[in-house]
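Novice: With the sequences and hints as input, model every part of the structure.
Respectively, the protein sequence lines represent chains S and P.
Anchor point for the first sequence: position 260 equals 312 in this note's numbering, and the numbering is continuous, going up by one each time.
Anchor point for the second sequence: position 308 equals 1064 in this note's numbering, and the numbering is continuous, going up by one each time.
Careful: at least some of the hints might be erroneous.
[What the hints assert, rightly or not] Covered by chain S, according to a simulated footprint, are these stretches of chain P (three or more residues, beta-carbon under 8 Å):
1) 805 to 813
2) 820 to 832
3) 946 to 952
4) 993 to 1003
5) 1044 to 1057
[Stated by the list, open to error] Pairs of lysine-lysine residues, derived as DSS-like cross-links and limited to a Cα-Cα distance of at most 25 Å, are as follows:
6) 429(S) with 136(S)
7) 507(S) with 1037(P)
8) 429(S) with 155(S)
9) 306(S) with 837(P)
10) 217(S) with 459(S)
11) 242(S) with 452(S)
12) 452(S) with 306(S)
13) 507(S) with 981(P)
14) 485(S) with 837(P)
15) 242(S) with 136(S)
16) 217(S) with 461(S)
17) 303(S) with 837(P)
18) 264(S) with 349(S)
19) 264(S) with 155(S)
20) 500(S) with 1037(P)
21) 500(S) with 837(P)
22) 500(S) with 216(S)
23) 350(S) with 267(S)
24) 303(S) with 459(S)
25) 459(S) with 344(S)
26) 837(P) with 344(S)
27) 344(S) with 242(S)
28) 349(S) with 216(S)
Read the hints as simulated data drawn from the structure, not as lab findings.
Note that CB positions come from ideal geometry on N, CA and C, so glycine has one too.
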Amino acid sequence: MSDVGSSSGSVTSNTSHTSPSRRNVLRGVAGAAGLAAVSGGLLTACGSGSDAKDEKKGGSGGGTASVAGSTVTFGSNYSDPSAKAAFAALTTAATAATKVEVKTNTVDHNTFQQSITSYLQGTPDDLFTWFAGYRMQYFAAQGLAEPIDDVWEKIGGGLSDSAKKLSTGLDGHQYLVPIYNYPWVVFYNKSQFARAGYTVPATWDEYVALAKRMKGDGLVPIAFADKDGWPALGTFDILNMRINGYDYHSKLMKHEIPWTDQGVHTVFQHWAEIMPYLQSGANGRIWQDAAKTLETKKAGMMFQGTNQVAAQYVTDQVDLDDLDFFPFPAINPQWGQDYMDAPTDGFMLSRKAKNPDAAKAILEYIGTGPAEAQYLKTDQWDVGLANGLEVPSYNAIQRKSVTEIAKCKAVAQFMDRDADPAMATAMIAVIQKFIDDPSTGNIAALQKSAESQAKAIYS
Amino acid sequence: MSSAVSQARTPAAAPDGTGSPARRRRGVRGLSARDRVVVALLLGIPLLLDLAFVWFPAIGTVLLSFTKWNGVGGLHTTTCKPNLPSILNNGCVYGVQNYHQAATIYPEFWPAVRHNLIWLAVFVLFATPLGMLFAVLIDRGIRGSRMYQSMLFLPVMLSLALIGIIWEFVYSQNFGLINTVIGRDGNDNAIDWLGNPRLNLWAVLVEATWRQSGYVMVLYLAGLKAVDPTLREAARVDGANDWQTFWRVIFPVMRPINIVIMVVTVIESLRAFDLVYITNKGVNGLELLSVLVTSNIVGETQRVGFGSALGVVLLLISLVPISLFLHQTFRREES
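Specialist: As structure tokens, then:
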């Protein structure tokens, strides 16, 4: 508890001396339009005449009359060394493009998430890293974030409609600039499949049959870990979307469908069917260890995000070329493989930002293809969202991720981003209890418990 | 709290020591202005600190426990309306609903209460006697006692979070020390020390005991060193054996230390948090009240009212040993 408190304290204390002077703010207002044009020009789609005129006007005032030279503070949860380096590269490029200094306050990833409410109500940084989905909408709806529709007018042309939808709050305004996402899919080792003659399953029956065959061959069919609680939520999400479809899933996440519904029961029944093929003792295993059983080819498959599995391969310097994936097999032919979890990370503007105009200039730069490419230079698992984004550093996994996400009719954001976080926490406990005892009687009891908790949380 | 209590008691007893009201009043009047300022400051500062950091949060928590609030925006005095989305129903008066929900539909609540009591029992019945045993053995000056002392004290110097991480290496299912040594690190036969809800509480209690017994040992060792050696000699002259000397002479003499250790044990077991949190965030067999309070109050979306209700429950449980301790102390002072 004290860790959380002290870290959030350090976030807020860092901002004070970087607050701009009143003159700076006024200058920022005057020069905002000009700067917007500079960064907007990076987007091939947005080269209108009025922008060019604005740019001239901004330019005539010299560097002093625009946001250029002012400082924006950025609260970052990119605390892992590689992510931190990639993020630093991004902000350096943003400064080069906008002439706005960026001061980054990095906070441990989990601590950042834990203290977000008090952080945003205190003296937050101008910009902060966050996630798309209900998680973003929840904070936007309570007036903790500033709408950035004007930023989206500039960057919208370079991003897909689905990206815009993910960045839109419950009130219809945009609150987030996304930078990358990553798919949740079934991973396997190509060499292992080739040697044993396994084929990629497209349907549920093929999936179960393959798992059974792997078990016969002495493998752990599906590497599985849930010690941290959240990884198994992904399995629930994909089964729910395959069986009941995306609309049902999002309604369930908003508690417009009760957790005692038969559809939820069917999800758990399917899960129970593959339980014998999932690595046992999942509640005591961290996902990194599960990924290691896949790396060492003791396991045949693993359902998780590229952000985890591919990242682990990179970290452990295991042959990334041998890693491949397929989208989770179809169960209900009505939906096929139309949906998947592809959590999106991005950036938001705090309501209490001290230098909002310069911050918007930074956001406009970050929302461009070149900015995403800059970030992804060092990132070998996530993929950018900009239309027609060409990233020469993409590996096979990343190229395939782009293709598979593009094929989807809708992408979900993962249960802890699509539902009220308190409900996601409740479901972590429910699903761990299901993993302990996947019997039909227990499923009914757990559904009842989930529903009574949902009633308390959502009303 | 206890320090403030003793502070508050001091001036009453200090001026003359007899404590009769009439004489005490005369005593205060007899003080110079400067002395009165000093007394006021010495009394007032701790009192203010006590009010600000103990009573204000405590009473605030009790009040918040009757509301529904997610930490954003202000509180108001209207009653919560049923069947409204929680965002629109924020900061309202919720009555005893939080307590009711905790006891009925919150599945983690009763396991947490049970685990807190188990934790207390293990500390009282196992960790503390073990620490005492270590202290007595080391105090007897066995060969290499300094080495044992440092070894047993080492975990006390580590933060509990670090201890949790160290033991992860011991308990990890497929890569851990225990399972590797006993050959049960396969995928079918591995023992799931930290994930099996029937095992993990005990596994974590081993970690906690590893540290706690060292802590008790140090406190007890200090107490043993302070015991007048002539008592021991006298007992020996009277023909008492080691066992009798310890239980009949040394142990009763160490009453103040024993009380300190009892208080430390109770406090440590009620505030247990770090180890289970680092192990699995306190879910799936490791629920503790402190973790539930934290997971509801500290987090992305806060259920401040609900978490406060859980905090009040923890406060009520803590009050039992605290009142017993205060009752004991005051009775001794008066007699």
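Novice: Compare the structure with each hint and give your call.
Specialist: Outcome of the hint check:
no.	hint	result
1	805 to 813	violated (count 0)
2	820 to 832	holds (count 4)
3	946 to 952	holds (count 6)
4	993 to 1003	violated (count 0)
5	1044 to 1057	holds (count 7)
6	429(S) with 136(S)	holds, 13 Å
7	507(S) with 1037(P)	holds, 24 Å
8	429(S) with 155(S)	holds, 21 Å
9	306(S) with 837(P)	holds, 19 Å
10	217(S) with 459(S)	holds, 17 Å
11	242(S) with 452(S)	holds, 14 Å
12	452(S) with 306(S)	violated, 31 Å
13	507(S) with 981(P)	violated, 59 Å
14	485(S) with 837(P)	violated, 32 Å
15	242(S) with 136(S)	violated, 31 Å
16	217(S) with 461(S)	holds, 13 Å
17	303(S) with 837(P)	holds, 22 Å
18	264(S) with 349(S)	holds, 16 Å
19	264(S) with 155(S)	violated, 53 Å
20	500(S) with 1037(P)	holds, 24 Å
21	500(S) with 837(P)	holds, 23 Å
22	500(S) with 216(S)	violated, 36 Å
23	350(S) with 267(S)	holds, 11 Å
24	303(S) with 459(S)	holds, 22 Å
25	459(S) with 344(S)	violated, 29 Å
26	837(P) with 344(S)	violated, 50 Å
27	344(S) with 242(S)	holds, 16 Å
28	349(S) with 216(S)	violated, 40 Å
In terms of the numbered hints stated before, the structure departs from hints 1, 4, 12, 13, 14, 15, 19, 22, 25, 26, 28, listed from lowest to highest.
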